[in-house]
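Asker: Sequence:
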Amino acid sequence: EFSLPVRFHTHHNNFEETTRTFLGEGYVSDVSWDLSDVPFQSVKSDDPAEQFLPPPPDHVNLGEVAVGADVTITVYISNTARDPVRFQFPETLPPPFAGCLSISPSVGHV
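The sequence shown begins at 1 in our numbering and counts up one residue at a time.
Any given hint could turn out to be false.
[To be verified] Derived CB-CB ranges, DEER-like:
(1) 86 / 4: 28 to 38 Å
(2) 28 / 91: 56 to 66 Å
(3) 16 / 93: 45 to 55 Å
(4) 26 / 83: 13 to 23 Å
By construction, these hints were calculated from the structure, which means they are not laboratory data. Beta carbons: idealized from backbone N, C-alpha and C, even for Gly.
Kindly generate the complete structure, drawing on both the sequences and the hints.
Answerer: Below you can see the structure in the form of structure tokens.
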């Protein structure tokens, strides 16, 4: 459990200042994906606050890719558990990925 005080201040108005404390509890998954090498694509939205949000953890945006071109990204899988964890992707990926996406290595331990 942790707490984080955040100070809110309105520019050019000395009377608009307040502090709120956020309380939370952290969680760490034993196995996690790291997509830090994948280029960040901003979200197109009318709301300026949404334009800088990171993508959902199960989305990978490869940007614009020409027809017939190949794009390679690196995804890191980390394991913080005491025991190794086995992963396996299917040999034949389900539609719409079949024939246009390959994962290598497709079987292993982390």
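Asker: For the hint 56 to 66 Å, verify it against the beta carbon of residue 28 and that of residue 91.
Answerer: With a Cβ separation near 31 Å, residue 28 and residue 91 fall outside 56 to 66 Å, so the hint is violated.
Asker: Taking the beta carbons of residue 26 and residue 83, is their distance inside 13 to 23 Å?
Answerer: Holds: the Cβ-Cβ distance is about 22 Å, inside 13 to 23 Å.
Asker: Cβ-Cβ distance between residue 86 and residue 4: within 28 to 38 Å?
Answerer: Holds, at about 37 Å.
Asker: For the hint 45 to 55 Å, verify it against the beta carbon of residue 16 and that of residue 93.
Answerer: 54 Å, holds
Hint compliance for this structure: hint 2 alone is broken.
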